[in-house]
Structures are given as structure tokens and as C-alpha cells.
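K.L.:
Following the hints, position chain B against chain A.
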Amino acid sequence: MTSDIAAILAIDGIATGAVYALVAIGTVLIFTVTRVIFIPFGDIAAFTALTLAALDAKRFPGTGALVVILACLATLIEIITLLRNGERRLLPRALFFYLALPLAVVGLAWLTMRAEPPLAIRLVLALMLITPIAPLLDRIVFRPIADGTVLLLLTVSVALHFALVGLGLLFFGPEGVRTEPLTSLSTEFAGVLISGQTMLIVIAALVFSGLLYLFFDFTLVGKSLRATAVNRTGSRLMGIRPARAGTIAYLLGSLMAGVSGILIAPVNTIFYDSGFLLGLKAFVGAIVGGMTSYPGAAIGAVGVGILESFASFESSALKDVIVFSLLIPILIWRSLASLHSEEEIEE
Amino acid sequence: MTRLHVQLAAVAAVACLALAPLVLNPFSITLMNYIGIYSLVAIGLALLTGVGGIVSFGQAAFVGVAAYATAWVSALNGHSPWLGLVFGVALTCGVATVLGVVTLRLQGHFLSLSTVAWGLAIGFLFGNVEGLGRFNGISSIPPISIGSLALVSSAQIYFLIWGIVVVVLFLGYNLLDSRVGRAMRALRGGNILVESLGINAFRIKLVTFVIAAFLASLSGWLYAHMSRFISPGPFDAGMGIEYLMMSMVGGAGSLLGGVVGAAIVTLLKNSVQDYLPLIAKGASGQLEIVAFSALFILFLQWARQGIVPFVARYLPKIKRERPQAAPPLPRRPQPTPGELLLKVDGAERRFGGLVAVNNVSFEVRSGEILAVIGPNGAGKSTMFNCLTGALRVNKGEIVFAGRAITRDPQSRIARDGIARTFQHVKLRPRMSLLENVMLGTYARTSTGLFAGALRLNQREEASTRHEALKQLERVGLGDKPFELAGNLPLGNQRILEIARALAADPALLVLDEPAAGLRRQEKLRLAELLRSLRSDHLTILIVEHDMEFVMSLVDRIVVLDFGSKLCEGAPAAIRSDERVQEAYLGGVA
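Top to bottom, those sequences are chains A and B. For reference, each letter of the first sequence is one residue, going 136 to 482 in the working numbering. For reference, each letter of the second sequence is one residue, going 18 to 606 in the working numbering.
Be aware that a few hints might be false.
[Said to hold, decoys possible] The following label-pair restraints were derived from C-beta to C-beta distances:
1. A/281 - B/409: 51 to 61 Å
2. A/379 - B/19: 51 to 61 Å
3. B/187 - A/236: 35 to 45 Å
4. B/319 - A/350: 49 to 59 Å
5. B/169 - A/427: 50 to 60 Å
6. B/319 - A/376: 53 to 63 Å
7. B/334 - A/236: 48 to 58 Å
8. A/374 - B/581: 38 to 48 Å
9. B/472 - A/366: 45 to 55 Å
10. A/140 - B/147: 55 to 65 Å
[Claimed, not checked] Not close to chain A: a few residues of chain B, all C-beta gaps over 12 Å, as computed:
11. 70
12. 144
13. 187
14. 262
15. 479
16. 491
17. 493
18. 601
[What the hints assert, rightly or not] Rough simulated footprint, nothing fancy, chain B against chain A, three-plus residues with beta-carbon under 8 Å:
19. 270-281
20. 286-292
21. 450-462
Because the hints were derived from the structure by calculation, they are not lab data. These numbers were taken from a predicted model, which means no experiment stands behind them. Glycine included, every Cβ here is placed at the ideal spot set by N, Cα and C.
Here chain A stands alone, though its shape is the one from the complex (with noise of 0.2 Å):
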């Protein structure tokens, strides 16, 4: 291997790896906010792409009628909760929110649709879709059992990527897409050529992480968040609600999710299967932060990104095998490095 190729290999792992850490970032996000290990986040940014794809080529993608689905379904499950708890003045606000809400923004994807907008629009609009989809499947899937351990969750949530995969066949069909580059400049940086989708890529990895720590350092919002994955009944005591911060944690993780779709889109060809990987391999970065810390996220994802260009080189069939092997090394090191107390299985 030359040091051209290494160089243009490392280039490609960080633009690879940016995409992973926005990702990582939102899974984390969920993990310290509702305990929930949110496999299927790769699935989000997958289908905005196929959203986009879709958009593109001037058709309504299926991401409206899945949003559609699944706030009826929330709503439903809403309604049964609040009259079975006796909690009817809530209801107005609940077909607000899980209902008008979605619907609205499904209706105003249709209606924009019809006036074919520019491509910043369509990026708008494509994250638009894809951020009620996560909220909504935590009010279907995960707020039933919200109190539920770890290892309930992580079941709950691999169960749920499944079911997604198969929707994401049924809403977008087999077929890969593989979207228009957002620019076509490039640069040359130390002999070696940089696209600019690989820039955008970096670019926006960075600015997104700031802007997460922007609202987490100086928004009230953030704050409680923050209160609330430290600790759930402390934070409830103090008057913040878990499931508002869970939903608010939802939303801001399939938008980070959505935006790494929309920046991968154009370097692989996603198919409605994609997603999975993609989530795995952010994963392996979360958990080198430990799942708690955002910048260890980061920083893990962009090495899972270097190492997987690098073990693609060298074997391509086998670059998925030495990334996965490798999580169990990074896993006894966080395991040790962590201070567990001891942990009883429920019963």
C-alpha cells in the first residue's frame, strides 16, 4: 500500500465515519435519555434516503404512508391509555400531537410535492418525513415498557428493526436508489483529491454535533434532558416528564439519523436493508464512548469508518467480519473500564 492510497483510503473512512457518528451521536442520545439501545436507527437514515430517492424522481415516497400508519396507531394506543386512566381532558392534546400533527406534515410534504421544488426543499422535506417515524414508534413500542430493563429494551429493539425492515420493503420496494451528489466541487488537499460531498459530509458531522451541544449547554430543554438521563425519578420529581424528554430525544436523533441518510445517499447505493449496517457499525462507535459520551461517540464512529475502508482494501468480503470481531475487544475494554456496580437479572 502506497501512502496515496492510504491517504485517499483515510479520506474516505472519515467521510464514512462522519456519516456513522452523526448516527452514534442519536443512538446515544436515546440510549442515556430512555435506556433504550435504538437499533433501528440506521433503518431512519436508510429510508430518508429512499425518501429523498423518491422525491427525486418525483414520486410521493411511502414514508408518508407509514407516517400516516403509525399516528393512527399512536393515537389509538393514546386514546385506550388516557380513558383507561380517566385522563380525558388530555385527550384534545393527544390527537394534537400524535394525529393533527404527523398528518400535517404528511399533507404539506403531498401538497409541496405538486409544486416540484427545488433540492433544498426536497431535503427539508425528506427530514420532515422521517423525524415522526421514531417518536411514534417509541409511543407504539417503547413507552409501554419504559420501565423495563436494559436487556428488555435491547429485545424490544432488535424485534423492531426487523419489523422495519420489512415495512421498508413494502413502502419502498426492492430496488436500490442512489441520489444526485448535493455539489459537484472538489478540492485538492496534499495531492490527493477530495470531492465535495466527502467536505459536505465532515462538514456537517461537525456542525451538527456542535449544534446538539449548543442545545444541550444552553437550552432549558437540554438541560432536562440531561437531568433525565441522569436520573429518571430525580429529573420527574423536579417536574420534567421522562416521556417528553424521550420524545424530544426521538426527534433530535432521527433528524441527526435523517442527515446522515441524506449525506450518504449519494456515495452507496441504499436499498430498504441498508439501514441495518449502517446502525451496527454506529453502534460499535457509540459503545467506544461507552454509550454516555457524545464525543467518544464520535470519535469511535470515524475510527470505525478509517478501519472499514482500510479492511475493505485488503478484503472486501471480509471488511464486515473484522469490524464486528472487533467490537468484542472494544466491548471488554468499556466493560472494565466502566465502574458496574452489580447488576441483578429481573426475575
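P.N.:
Just chain B now, kept in the frame of chain A:
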């Protein structure tokens, strides 16, 4: 319902299984074969996940390792499938041992995540290794032959598959009811409990892990030679979660639940394939997995216990006979009364900058009751944890019965004769009183894994049972030995812990705040019990901060304050000591 009824039911079930091929059509027999093959994996998972508390997403990879191994031996190299069995089992168990040694020290969800990791890595390997047919798989795998009879048709291999399932269930239930099996069932109580019983928790986890992998390898072998063709698909991550689902639906922790779960999932999947097109016309096959995952999620939300435990609640309870008298278990040589038993010399333990225990020295002589007391935060519990090996001292030495135990692991210290109880009671709530106490005898007994599964050592088992009943009677809990420990009130739970500790035949009994949370009557009963133990020449060390309880009971007291030893002496002297009064009351009034 007696034991005999259960045995009759089992025989009837086996007879039904044996006669089933006479009435079932070929398609149903094939379905039954798949159920049997999946059952093996699910039984392994019931043991690993339900009993041992290790959630594994990667069992499908083990099935695959064995299937590919036997296909490689038989289809690619032309040897007998039986050689494939030996190779497949050996390879799978070898891989499992290596993975287990590397990962089983991980905690909680880290461990489960590692199973996702190696499950995926191995799964990818099948499709990418040259010589294993890549994604096309390996075809024309020969059938299994017994003598000159080749098991080609599904009705023929049916008997082999279900024969293996029945044998596995039989051995599995025997195992769970044996010494090693009880240790496995204790794993869910956490490492500290298991180690305090003299059990090497890591080894028991590894054994459980390898057994589960072994069952998966049997399944893989049968699968390869039944379907005669393998490709990476059936061993991928999706199948891994399906196996987990089978064992959870059937009822995690129940071996029979593995079979029931495998049956339900397989039949459900089959009917989903049949009926889904009727509901949603033209729906792609992928809707199947959506429906399926949705059902699983609903199941996890609403019926986590699983089917077999749910049904078992409505069956009449099995009546069990009180253990019969049996030859006693061997006892350890007890120290002569008055002899130096435990010596703590200059012990120091730091947590970062905090010195929790600072240069503490004291001695315990055989036959006495010594109390370590002190106000909150005095370092009592830290001292206690250092004595039992749950923590290491940074400086100083601890000598027990003439041997330095300063650096020994917990289980070694427990085997040497220090038995303990816990401030926050650690019992196995779903095991009976008798079984909880039997756990205490682990270090005194020796029945191994195979002897337990084959019921070869019934004499020792009878002695163990008798010993446990004796200790229950000794502490006054002998009237209902088959009650579940979780049903006892707190006071009796603490006393049950003492019975468990006594069952280890300890030279020194250490009790961590035994009176905490007890009502006055319960405290009096506890003190009575401890006095009677002293009259049996048992040495007892109590860590406690209830002064009244301690004063009337013990021979000597060591007072700790802010990590250092304040003074030491007889109760009366301690009571009048000004420094003690100051520490407890903040100055002499």
C-alpha cells in the same frame, strides 16, 4: 399431583411423539422435524438466558458452525455424517469456549451486545469464505445412516430428531435438579452471591454457555443432514433473534418452554405464510416478518413470563416428600475453642482519596461472638467486604486459620470456611427454602456436570438434601421446606440466609447487619438463634450498628469510627467508654 403423576405424563407424551408419524401426513411430519430441530437451540437458550440470565442473540451462528462443519466433512470430503457430528460438535464447543472465555466476564447488556457482534461476524463468514460455497451454499449433503439404513425420508429422521430432543430434556431437567444446576440457577442473583457460596461464577457461566452451544451444534448437524442443503440464510442474525423469541415465548427458564416456544413460533410462521395473502392480497413475503416482529413485541409488552410458566400456575402443585434421613456430609475439622481464627493486621482500603478503612487490626478467637460496630460511614461494610474477598485491601494482611487470604478471590475464601450473609438479602426467590439452603453446601459436595445430568450421585444428593433440612430445622424454618424463598417475610429471609451459611459448615460465620430492618420480636428471635449457635461452638463475626442488639449478645466489640479502630473490649467496657459515646452521640452529655 405426585412425582409419579409427572413421570406418567412424561411417558405418555413420549408415547404420543413416537406414534405421531402413524397419523400425521408427510407435511406435518416435516414441520414436526423443524420444530424438533429448533427446540434443541431453544432449550439451550432457555438454559442460558432463562436460567443463567445471559441473553444471547448469536445462537444461530453456533447452529451454522456445526452445519457447515458437517457439510464440509460429509459433502465436500466424502466422510460419514457421524464424523461430521464429532467434528461439528467439537468445533462448535471449541469456538464457544474461546468466545466464552473472552466475553463472559462482561457485565449485563455489554455481554448481550457481544453476542450480537460475534453472531454477525460468524454469520458473515459463512457467505464469504472460499470453499464453503459462498452465498450459493453447499448442496448434496448425504443423509445420516444408521447401519445400512439411510434416514432419507422425513418420517425416518423424525425418530432421530425427537429421540435426541427427549434425551436432552431428560438430561436437562436432571441437571437443573443437581448441584451444578442449582449453581446455574443462582447465577441470576449476581456474582457476589454466587462467589460467596464458594462457586466459581465464571466457570459456571462458561459451562452453561458451552452447553447451549452444544445443543445448537446438535441442531445444526440434524438440520444439515435433513435439508441436505445449506446456505448462509438460516444462520444469520434474523434467525438468532427468532431462536431467542422461541425460548422467551415458551417461557424463559423452562426447558419444556423451549419446545413449546419452537412449536408455537414455527406453526405461527407457517400459518402467517398461509393466511397473510388472504388478508392483504399481493403483499410481499416481507409482510410476514413485520407481522411476526409485531407479535413478538406485543408478547414482550404483555406476557413476558412466557407460556409454560403461565400454564404451570393453573396446574396442581407437585407434592413432594420431606427429605429422608441420609448419611451426613463430611464436616471440616473445626478449630479448637479459644484458638486464634482470624487476624486482621493493619488493614487499609482506599477509594480514590477517601480512606474507608485505615490501619485496622483485630483478632477473632474460635468460639466467640465478636461485633464490629460504629456509626454510619465508619467503614464497617468495607471492612466486611475485605474480609470476605469482595474487596481487596490496599495495605495490611488478613490471616484466616493460619493462612493469608489477603489476595484470595471470594470463592476461595468461602471454600476455606468463611460463610456470610448479606445486608440486602440475596436469596433466589423462585427457589424453595430447601434449594436455597442446598446452595450453601456447594463447596462441601463434588457431584459434577455429567454425574448430575445422569443422576449418578444420588447418595450425595440425598445427604445434601438431608443436611439442608437439618439446617432449616436448626434455625426454625423446617416446617415448610418447599415454600418459595420469595414468599417469606424479611425477618425469615435473613434467617434463611443464616441457614444457607450454616449449610456450608463454616469455621467462621460473618453476618452483615443481620438486624437491619427487623421488628423487635424478630430481633429477639435472631439473637436467640445466634446464642444457640455459639453454644454449638460456632465462631461469629457481626457487623452491626444496632447497639442494643449487640450489647446483650456478643462477647467482645471492636468499634470503628471514620475508618479507624476506636477501641476494643467487652460490651460493658465499650458502653462506658467516653470515646464511643462521643462517636455515637456527638459528645458526652
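K.L.:
So, for every hint listed, does it hold in this structure?
P.N.:
Verification of the supplied hints:
Judged by the Cβ atoms, the range 51 to 61 Å given for residue 281 of chain A and residue 409 of chain B is violated: they are separated by roughly 38 Å. Checked against the hint of 51 to 61 Å, the pair residue 379 of chain A and residue 19 of chain B passes, with Cβ atoms roughly 56 Å apart. Our hint of 35 to 45 Å for residue 187 of chain B and residue 236 of chain A is violated, since their Cβ atoms are close to 58 Å apart. At about 36 Å, the CB distance of residue 319 of chain B to residue 350 of chain A disagrees with the hint of 49 to 59 Å.
Taking the beta carbon of each, residue 169 of chain B and residue 427 of chain A are about 56 Å apart, inside 50 to 60 Å as hinted. In this structure the supplied range 53 to 63 Å is violated for residue 319 of chain B paired with residue 376 of chain A, their Cβ-Cβ distance being about 24 Å. At roughly 53 Å, the beta carbons of residue 334 of chain B and residue 236 of chain A sit within the given window of 48 to 58 Å. In this structure the hint that residue 374 of chain A and residue 581 of chain B lie 38 to 48 Å apart at CB holds, the actual value being about 44 Å.
Separation of residue 472 of chain B from residue 366 of chain A is about 50 Å and conforms to the stated range, judged on CB atoms against 45 to 55 Å. Distance hint for residue 140 of chain A and residue 147 of chain B: a CB-CB separation of about 24 Å, inconsistent with the stated range 55 to 65 Å. Residue-level check failed: residue 70 of chain B sits 4 Å from the nearest beta carbon of chain A, not beyond 12 Å. Distance check for residue 144 of chain B against chain A: the nearest CB is about 8 Å away, which does not clear 12 Å, and the non-interface claim fails.
For residue 187 of chain B, the shortest C-beta to C-beta distance to chain A comes to about 26 Å, beyond the 12 Å cut-off, and the non-interface label holds. A cut-off of 12 Å between C-beta atoms contradicts the statement that residue 262 of chain B is not in contact with chain A; the least separation is 7 Å. Remark: the non-interface label on residue 479 of chain B is consistent with the geometry, its nearest Cβ contact in chain A lying 29 Å away (cut-off 12 Å). No beta-carbon of chain A comes within 12 Å of the beta-carbon of residue 491 of chain B; the shortest separation is about 28 Å.
With a closest Cβ-Cβ approach of about 26 Å to chain A, residue 493 of chain B is found to remain outside the 12 Å limit, as its non-interface label requires. For residue 601 of chain B, the condition that its CB be more than 12 Å from all CB atoms of chain A holds, with the nearest at approximately 30 Å. Proximity of the segment 270-281 of chain A to chain B, defined as three or more residues with a beta carbon under 8 Å from a beta carbon of that chain, is established by the 3 residues found. Interface restraint, the segment 286-292 of chain A with chain B: holds (5 residues with C-beta to C-beta distance below 8 Å; minimum three).
Check on the segment 450-462 of chain A: 7 of its residues sit with their Cβ under 8 Å from a Cβ of chain B, so the three-residue criterion for coverage holds.
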